[in-house]
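From first to last, the protein sequence lines are chains A and B.
Quick note: the first sequence uses our numbering, first residue 205, plus one each step.
Quick note: the second sequence uses our numbering, first residue 5, plus one each step.
FYI, nobody ran anything at the bench for these hints, they're computed from the structure.
Take these hints with a grain of salt, some might be off.
Said to hold, decoys possible - In silico SDA-like cross-links for lysine to any residue, where the CA-CA straight-line distance does not exceed 25 Å:
| id | chain 1 | residue 1 | chain 2 | residue 2 |
| --- | --- | --- | --- | --- |
| 1 | A | Lys969 | B | Arg296 |
| 2 | A | Lys961 | B | Ala253 |
| 3 | B | Lys8 | A | Met239 |
| 4 | A | Lys969 | B | Gly185 |
Unchecked claim - Going by beta-carbon spacing under 7 Å, a handful of chain B positions derived as facing chain A:
| id | residue |
| --- | --- |
| 5 | Arg6 |
| 6 | Pro15 |
| 7 | Ser134 |
| 8 | Lys232 |
| 9 | Val318 |
Ideal placement from N, C-alpha and C gives every residue a C-beta, glycine not left out.
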Amino acid sequence: MSDYAVLGKRLPRVDGPVKAAGSARFTDDLSLPGMLHGKILRSPHPHARILRIDTTRAEQLPGVRAVIVGEDFGDYRYGLRADTRDEYPLARGKVRYLGEEVAAVAAVDEDTALEALELIRVDYEVLPAVTDPEEALLEGAPQLHDDKPGNISVHMKTGFGDVDEAFRQADYVREDRFYSQSVLHGFLEPNAALAHWEAPNRITIWASKQSPYFLYRNLSNCFNVPLSNVRLIQPYIGGGFGGKNGGYPVDFCAVMLSKKSGRPVKIVLTMEEVLSSHRRRHPMIVRLKTGVRKDGTILAHDCRIIADGGAGTGVGPSTIANAFYFLNLPYVVPNVRYEAFRAYTNRPISVAQRGNGIQQIRYAADVQLEMIAHDLGLDPVRIRQKNAVYTGYRTASGMNIHSCGLQETITGAVRAAEWDTHYRPWREKENEPLGRIATGVGIACNSFQSGARLTGHNCCTAVIKVHEDGTASLLTGSTDSGQGSETVLAMIVAEVLGIRLEDVFVPQTDSTVTPVDPGSFGSRVSSTAGNAVLIAARDARQQLLPVAAELLKAAPEAIEFRDCKVFVRGAPDKALRFRDLTRQTVAWGSGTSIIGQGSWGQTVPPMNFETGEGDASGAYSFGTQAAWVEVDTRTGRVTVPRMVVAHDLGFALNPLAVEGQHEGSIAGGVGHTIYEHCVEENGQNLTPNLTAYGLPTVYDLPREMVSLSIETIDPVGAFGAKESGEGTQVSTIPAIVNAIHNAIGVWITDLPVTPEKVLKALRDKKAQAKATAEGQS
Amino acid sequence: MRLKKFEHFEPRTLSEACRLLKEQGDKAALIAGGTDLVVRMKYGVTQPQCLINLKKVEGLGSIALVGENLHVGALATLTQVRCSDLVLERCPMLAEAALAVGAAQLQNMGTIGGNICLEPRCWYFQQGRSWRQARPDCFKNGGSVCYMAKGSRRCHALYCGDTAAALLALGAKVRLVNPGGERIVPIEEFFVDDGMRHTDLQPGELLAEVILPAPLPGQRGTYLKYRKRGALDFPIAGVAAVMSGTTAAIARLRIAITGVGSSPLVVAPPPDYPSEAGLTPALIDLLVEMARKQTRTVSHMEVSASYRKELVGVLVRDALEKLGGA
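Put together the whole structure using the sequences plus the hints.
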């Protein structure tokens with residue numbers, strides 16, 4: 205595969221220079237003549253009935269041009285599916301979480317808009333609130349939605365194989381409870397929208413969206429305008445991680461305020477609004493029972509999940525289904541049973557976040573596997589090798605593995621981690637006194653969907669315009685939210701047409717111009733949009749071929765495109781410059797514009813959210829991570845000085861971009877494991893700023909990060925590529941938690957791993973050992 | 005998060021600044037680096053109607069020897085302090101403490117005077133207006149409740165200045181200037197254990213400089229800070245320790261702790277301790293115990309009172325072991 209001219213090279217990102225120079229324009233950098241500034245009024249209560257909203261005084265304030273409330277949107281509700289549409293652009297009748305949007309104002313400047321918010325009077329009848337998902341499911345709990353009794357937002361119950369029989373056959377069964385806390389996406393550009401309504405029914409909106417076409421459909425429905433009249437233009441995005449997928453109140457309000465005022469309206473949330481009221485990762489309680497043979501072979505999982513959904517459903521059904529799918533991977537699990545409740549609570553809405561439900565389940569399952577290995581005196585590497593899935597494997601639930609380098613990732617990670625030198629089982633260490641700094645190593649494996657199979661729109665389309673000077677434009681609706689897909693997709697075009705990366709321009713997503721696309725989520729862009737781009741590029745080349753064949757007097761099959769030249773294979777001097785070909789093509793015959801087009805959807809049938817049967821994707825990535833930890837046994841502080849990511853990504857389209865993804869995964873995973881937590885009190889977030897919330901800084905990340913790409917050349921993905929963006933964050937948590945056990949002999953089953961928790965666990969362990977010793981004497 | 009309107013004064017002399025401060029009374033706030041004040045103003049928890057900007061006051065940022073003493077002007081930035089040859093030569097631990105504040109950008113803007121006077125903090129007080137509207141005001145915002153210690157009749161906001169601990173351990177004095185003149189007081193008398201009003205500054209009075217005595221023979225010190233992350237964060241606990249003596253015997257030993265109460269506190273060995281024996285393990289144990297006992301703190305966010313006391317013990321031990329060369 206090494207004969208690619210562009211692909212597989214460590215090419216810097218095309219958006220790097222403008223971002224580094226600060227000249228990349230984000231939504232807040234934009235303004236239009238006559239533009240107004242919007243602000244949103246939020247609920248001060250986690251649960252309350254809205255008795256009355258009086259906006260009169262706000263409307264009378266000089267400089268205020270529009271004030272809107274929930275009624276302005278009629279009965280419009282939005283959500284993933286028809287049966288889960290439970291979110292309003294502005295609250296109707298009730299507020300269901302502290303910080304929920306209640307009203308919005310547009311004024312000539314931000315100060316006036318803020319002043320106007322204070323003049324809006326809302327009378328509330330405060331209702332009892334429930335902020336704990338287990339309590340929310342109890343009888344008698346305060347109810348959030350009248351049409352969703354029992355506060356059940358999503359319920360999934362399924363199973364494959366004979367779990368009870370497997371437990372009877374098992375030599376060892378253990379059951380544990382794990383908790384993964386509330387963490388935020390942590391993007392640095394707050395949600396923002398600049399909207400312009402042109403009467404009678406045309407919308408133009410610039411919004412920070414990683415998946416702009418959700419909002420494009422939302423706006424069409426909400427405002428009853430044809431899709432052709434919704435022009436959504438995507439400026440640069442300051443990170444998304446799942447928190448900029450759909451339409452949010454900020455978008456709907458900007459459009460409605462523009463419609464009402466007749467002027468363009470920009471709303472940029474404050475970081476405080478984002479951190480306290482915007483979406484976040486699902487907190488989950490995972491109860492997992494696992495049966496194994498005494499050699500560590502997994503026989504069955506029985507898993508029960510309670511997920512905290514917050515006040516709305518969002519993409520919750522996919523989160524709950526994902527947790528099930530990846531209970532089945534990356535280890536062979538012949539029998540599986542699963543029941544999950546996603547509970548409504550009076551908290552901000554939980555959605556997808558880099559891994560969408562899979563981190564939580566793999567944290568539980570991989571730490572429990574480590575517990576089992578410890579209990580049975582088995583080697584942690586060998587138990588993973590023993591259970592690892594393989595090419596050709598089909599899960600009990602019917603997921604099909606077409607390429608799998610899991611074993612190679614284990615080997616690679618173990619080697620890079622110098623595992624054999626550093627690893628000593630805890631059993632061998634437990635009678636030695638703990639030093640002030642205890643060290644340990646841990647390992648965990650992962651799998652992920654390479655392009656989530658969706659029930660609705662799956663297809664990516666690419667259009668390539670070849671310009672007469674030999675350059676090309678790639679029109680795609682797949683958005684680069686910072687992951688580097690713009691560069692990678694442009695590289696595919698350059699490879700196929702035999703031109704340079706800098707010859708390919710990828711304009712911003714613009715729903716009037718670029719093809720409709722599902723968006724940047726579920727690790728789909730490189731693999732799914734990549735295939736669409738590959739087909740489009742081949743289509744463009746195909747259109748150029750007859751002209752080239754004619755000019756070179758050669759058979760079309762013998763012609764190659766490379767290094768900005770078109771030449772006859774085996775006779776490199778029979779060549780012409782690519783730009784001469786494109787120039788001549790324009791004038792050829794009656795004249796031709798070269799426009800290549802390609803579409804690619806999914807190779808597997810739609811997923812079934814009810815039973816979880818079938819494939820979650822056309823391809824699956826696999827990987828292994830190894831972590832070193834140092835635990836200060838006097839303060840309980842855990843640091844991760846070194847971490848290895850070994851990932852089967854099929855093919856590394858751009859190894860430099862892959863490294864960036866791997867390092868980002870480590871940062872996100874270390875944050876989730878050790879540092880980040882939305883601390884709340886009665887539904888109020890006490891950490892609504894970046895000082896309090898505690899995203900890790902560069903000082904808190906591993907000093908050394910090793911990134912290994914294992915290439916298995918997947919049959920589905922473009923050039924054999926699979927995802928390498930989300931799967932890599934799936935095993936970060938268990939690798940660290942397993943390493944902590946290896947260092948100090950305690951299991952952390954409740955995230956985050958705060959120093960105080962570690963210290964308490966050490967104390968409890970000591971007290972228990974003492975009690976045991978006294979009991980024996 | 006917009007600022008309310010305010011008047012802005014730029015006095016050229018200290019006496020002019022004091023006069024303005026006295027005239028404007030409660031309506032005024034002093035601003036130097038602004039790294040603490042402006043954040044509070046944006047939150048709307050401090051709403052001065054006028055700012056008295058000290059930036060133009062002549063000579064207020066100088067770092068110079070006056071006789072044996074080192075005078076550090078209140079307007080000296082934390083970067084200037086930590087890079088000053090005089091500071092590094094005579095009391096490097098003050099540089100250590102300045103380096104521990106926030107991050108480089110904050111050290112470039114923030115001043116030592118501002119760091120000493122840093123407003124006590126808590127996550128119930130330092131929040132935006134809409135956040136605070138969701139619950140009754142706390143003491144510090146004009147209410148009658150402290151959310152850090154429910155049922156308490158006082159404010160328990162935490163004093164978090166890093167440099168104060170170093171200055172306390174070093175035995176620094178502060179020069180306070182008022183319209184009628186000035187006074188020089190030991191820095192421990194400057195602090196008050198009250199989250200609402202944590203300094204002894206009188207109306208119209210401001211902190212002009214800190215005065216560090218000449219280092220004693222064999223003086224060495226250290227500042228250890230425990231915080232959540234490797235940068236940016238305020239101390240969960242900060243411990244400064246200074247010891248002097250040219251032989252094994254201890255001539256002077258002083259410890260100061262910050263971040264655990266509404267004012268920093270000083271821990272000194274009891275008067276009758278056997279100083280000639282040096283920094284023995286028994287003395288370290290004793291001081292660790294004293295420091296833990298003197299630390300009276302409350303739970304805040306995810307840090308319990310008992311954990312904070314535990315940390316103080318660890319930091320005191322580490323600091324002393326470092327000074328003892330262990």
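For each hint, the structure was consulted:
Distance hint between Lys969/A and Arg296/B is fulfilled; the C-alpha atoms sit about 24 Å from each other, no more than 25 Å. Annotation: proposed proximity of Lys961/A to Ala253/B is violated, straight-line Cα distance about 40 Å (limit 25 Å). Between Lys8/B and Met239/A the alpha-carbon distance is near 23 Å, which keeps this suggested pair within the 25 Å criterion. Simply put, Lys969/A and Gly185/B have alpha-carbon atoms about 61 Å apart, too far for the 25 Å limit, and the pair is violated.
Interface restraint check for Arg6/B: the shortest CB-CB distance to chain A comes to about 5 Å, inside 7 Å, so the restraint holds. At its closest, the beta carbon of Pro15/B sits 28 Å from a beta carbon of chain A; the interface hint therefore is violated under the 7 Å criterion. Look at Ser134/B: its Cβ gets to within about 6 Å of chain A, closer than 7 Å, so that hint holds up. Hint on Lys232/B holds. Least Cβ distance to chain A is approximately 5 Å, under the 7 Å limit.
Given the 7 Å rule on beta carbons, the hint for Val318/B holds: about 5 Å separates it from the nearest Cβ of chain A.
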